[in-house]
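So the protein sequences, as listed, match chains F and W.
For the first sequence, the working numbering begins at 1 and goes up steadily by one.
For the second sequence, the working numbering begins at 1 and goes up steadily by one.
Where hints are given, some of them may not hold.
Claimed, not checked - Derived pair list, reagent style DSSO-like, types lysine-lysine, alpha-carbon separation capped at 27 Å:
| # | chain 1 | residue 1 | chain 2 | residue 2 |
| --- | --- | --- | --- | --- |
| 1 | W | LYS174 | F | LYS259 |
| 2 | W | LYS174 | W | LYS191 |
| 3 | W | LYS174 | W | LYS101 |
| 4 | F | LYS259 | W | LYS2 |
| 5 | F | LYS180 | W | LYS174 |
| 6 | F | LYS10 | W | LYS57 |
| 7 | F | LYS249 | W | LYS3 |
| 8 | W | LYS174 | W | LYS142 |
| 9 | F | LYS249 | W | LYS2 |
| 10 | F | LYS249 | W | LYS6 |
| 11 | W | LYS101 | W | LYS128 |
| 12 | F | LYS180 | F | LYS259 |
| 13 | F | LYS259 | W | LYS3 |
| 14 | W | LYS191 | F | LYS10 |
| 15 | F | LYS249 | F | LYS180 |
| 16 | W | LYS197 | F | LYS10 |
| 17 | W | LYS101 | F | LYS10 |
Since the hints were derived computationally from the structure, they do not count as laboratory data.
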Amino acid sequence: MRPSEFFAEKIITGVAFLSIAIIILIFLFVFRETLPIFSGKAVKKTEVTSVKQETSGAAATYQNENKQEVYGGSEPEVQAAKQEVYGATSNSEDTLVSGEAGVSSYKEDESGEGNRVTVKGLAGKVWMPVSDNPRYGLLPLIVGTFKITIIAILFAAPLAILAALFSAAFAPRWMREFIKPAIEILAGFPSVVIGFFALIVMATFFQHLFGYETRLNAFVGGVAMALAAIPIIFTVTEDVMTAVPSTYKEASLALGASKWQTAFFVTLPAAAPGIFAAVLLGIGRIFGETMIVLMATGNAALISMNPFDSVRTLSATIGAEMAEVVFGDTHYSVLFLIGTLLFVFTFALNATAEFYVKGRLMTRLQGKT
Amino acid sequence: MKKIQKLTGGVMMGATGLSVVIIIAVIVIMLIVIIIGGKDTLSWKFLTSFPQDGMTKGGIFPALYGTALMVIIMSVAAVPFGAITALYLTEYARESSWIAKTVQFAVRTLSMVPSIIFGLFGLGFFIKFVGGGMDKIFSGGKLIWAQPNILWASLTMALLTLPVVIVSVEESIKAVPRDLRDASLALGATKWQTIRKVVLPGARSGILTGTILAISRGAGEVAPILFTGAAYYLATLPHSLSDQFMSLGYHIYIMSTQSVNVDQTLPIQFATTLVLLLLTFTLNFVAVLIRSRLRRAH
Chain F
1 MRPSEFFAEK IITGVAFLSI AIIILIFLFV FRETLPIFSG KAVKKTEVTS VKQETSGAAA
61 TYQNENKQEV YGGSEPEVQA AKQEVYGATS NSEDTLVSGE AGVSSYKEDE SGEGNRVTVK
121 GLAGKVWMPV SDNPRYGLLP LIVGTFKITI IAILFAAPLA ILAALFSAAF APRWMREFIK
181 PAIEILAGFP SVVIGFFALI VMATFFQHLF GYETRLNAFV GGVAMALAAI PIIFTVTEDV
241 MTAVPSTYKE ASLALGASKW QTAFFVTLPA AAPGIFAAVL LGIGRIFGET MIVLMATGNA
301 ALISMNPFDS VRTLSATIGA EMAEVVFGDT HYSVLFLIGT LLFVFTFALN ATAEFYVKGR
361 LMTRLQGKT
Chain W
1 MKKIQKLTGG VMMGATGLSV VIIIAVIVIM LIVIIIGGKD TLSWKFLTSF PQDGMTKGGI
61 FPALYGTALM VIIMSVAAVP FGAITALYLT EYARESSWIA KTVQFAVRTL SMVPSIIFGL
121 FGLGFFIKFV GGGMDKIFSG GKLIWAQPNI LWASLTMALL TLPVVIVSVE ESIKAVPRDL
181 RDASLALGAT KWQTIRKVVL PGARSGILTG TILAISRGAG EVAPILFTGA AYYLATLPHS
241 LSDQFMSLGY HIYIMSTQSV NVDQTLPIQF ATTLVLLLLT FTLNFVAVLI RSRLRRAH
């Protein structure tokens, strides 16, 4: 009897740790695939022999500092380096390369970029991974992501918060029981369906309405993303608003404030930290959403402030390009780097939302401020 | 003064009401457009036949079959782990302990991780690391597991849906009355016996709801399977775990963005979207029904 108790407890505890392990593993493995960027192509050649591993590895680190200054040199040089790089990526040619590994790694480092991407390269303004002279500038993607996020949140946050206020403060009980599940239906829409609707219906509709040129653009994508963010923001905000103690409202009403004054000047401020958290969660959702942007934004990596231009976001870039890259290629690693960025950012957002709500809101609503 | 106040109040209340109306109107319009666009193409034959003529005609049977197979494998992986984690959180962990808090935080984080990241993880971990390792050990370097297939796609999806299962089961375990547990323990049953004979049967509907919600979520997600197993077009159904598969969501995505003639296949796209929507809504509806029955029972 005793052993079974013991094992049951241990097994159950062990399995529970799995979710922690998964989070750590996700970070480790997504990050692991980005490592070749930082260590350069020398790492690939080191797989050939153990002796060379050290020499070429050392060569790479030795050259690290020099390289950043060299970077930005003339294009022909970079291209020459690139051809060698492609030879080295496929495993079958490892044996061929191994003979001259030591020499060639020196050469490349002198000639400029090689397979390495510098911080400067990643901060570039051009995202052109598939070309004779690939550029991995993340700037247009980051700008695109923020553009979409801002447009989406500008639509989603006011709508969702006002709707939550209506549901929590004004709507009679029967209406509330209808509104809440009705809006939460939106959460049940698979994102590919929202993307499809935006691509086929909304894009055409908005084009007729505003008469802009590019049919698929940041605006269409942003509005579609708002649809994905609304249910999250609504649900969290509504929950927080109903959690505001009724004594607050009663006190306000007793002082002669009207119903709408109580709602806007008492309930809304009291729930502010929760609303803030809700918006953060909404941003997290928008930031990581892939299918909608992939389908509805046109996917052109431009830097522009015009909401009616096409954009390409970080997540859409992964979704669109990962299927076509060579495993272990620089392009592949850069896509994983984008993934790491997305993961770290959403993790930070989630942690902030969580601790902010737990800390601030709870103490405030329990009257400890 | 009074009048102005009343007017502002009216406007502000009106704005909140209008927001609700706008949101619900958008939902209704979306539903109506998709239903109208898809209802003429949707038929039994559409559901049970293969795509034809370079996917410009015919049905979606392989996509339905692939989705079904994937969610089954996914549930087999996600439900036991999810249920056990929920058991730990409700029965074994003390709520204030940092371990329980960390597990809870991990579960919430997992539910916030962008779905495309799961896809990357599936590629980096399942395909390259696990699959690559299996090929090295079992088949001497021959490429079998180190490539996208239905197993890796399903396991990736299982990670994504794990939090759904955990939250749902946790809720239902908490709904099992304290008295029942106390009675069982008072009669001399051990903790594990109590869990097995009292708590788990009481939480059965919660496990069922969790499974259904996970399936509904998994059937609709596309990003995690983009490069872990979904295929553009397959002439045959997948018959082993190392085969690729077609999925409904992925089918919608490629038909509407990469198909030969997007306009010509529009009815097929609408009908496929309608099928996916009907599938997820039906599942969600069933889950809500079970849950409300559970609430009434206690």
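These are the hints, each one checked on the structure:
Note on W:LYS174 and F:LYS259: the hinted pairing is violated, with a Cα-Cα distance of about 37 Å set against a maximum of 27 Å. With a C-alpha separation of about 16 Å, the suggested pairing of W:LYS174 with W:LYS191 holds against the 27 Å cut-off. Between W:LYS174 and W:LYS101 the CA atoms are separated by roughly 17 Å; this keeps the pair inside 27 Å, and the hint holds. Between the alpha carbons of F:LYS259 and W:LYS2 the distance comes to roughly 14 Å, so the proposed pair stays at or under 27 Å and holds.
For the suggested pair F:LYS180 and W:LYS174, the alpha carbons sit about 24 Å apart, so the restraint of at most 27 Å is met. Straight-line distance between C-alpha atoms of F:LYS10 and W:LYS57 comes to about 55 Å, which puts the hinted pair past the 27 Å bound. For the given pair, F:LYS249 sits about 23 Å from W:LYS3 by alpha-carbon distance, which is consistent with the 27 Å threshold. This hinted pair does not check out: W:LYS174 and W:LYS142 have alpha carbons roughly 49 Å apart, beyond 27 Å.
Proximity of F:LYS249 to W:LYS2 is assessed by CA-CA distance (about 21 Å); at most 27 Å being required, the pair is judged to hold. At roughly 19 Å between alpha-carbon atoms, F:LYS249 and W:LYS6 fall within 27 Å of each other, so this suggested pair holds. Only pairs whose Cα atoms come within 27 Å are accepted, and W:LYS101 paired with W:LYS128 is rejected, the gap being roughly 32 Å. Restraint check: the Cα-Cα separation between F:LYS180 and F:LYS259 comes to about 21 Å, which is no more than 27 Å; the hinted pair holds.
A threshold of 27 Å between alpha carbons decides the hint, and for F:LYS259 with W:LYS3 the separation of about 15 Å falls inside it, so the pair holds. About 13 Å separates the Cα atoms of W:LYS191 and F:LYS10, which keeps this hinted pair within 27 Å; it holds. Simply put, F:LYS249 and F:LYS180 have alpha-carbon atoms about 22 Å apart, close enough for the 27 Å limit, and the pair holds. Proposed proximity of W:LYS197 and F:LYS10 is supported: the alpha carbons are some 19 Å apart, at most 27 Å.
Distance restraint check for W:LYS101 and F:LYS10: the Cα-Cα separation of roughly 18 Å lies within the 27 Å cut-off, and the hinted pair is therefore satisfied.
In the structure shown, a violation is registered for the earlier hints numbered 1, 6, 8, 11, in ascending order.
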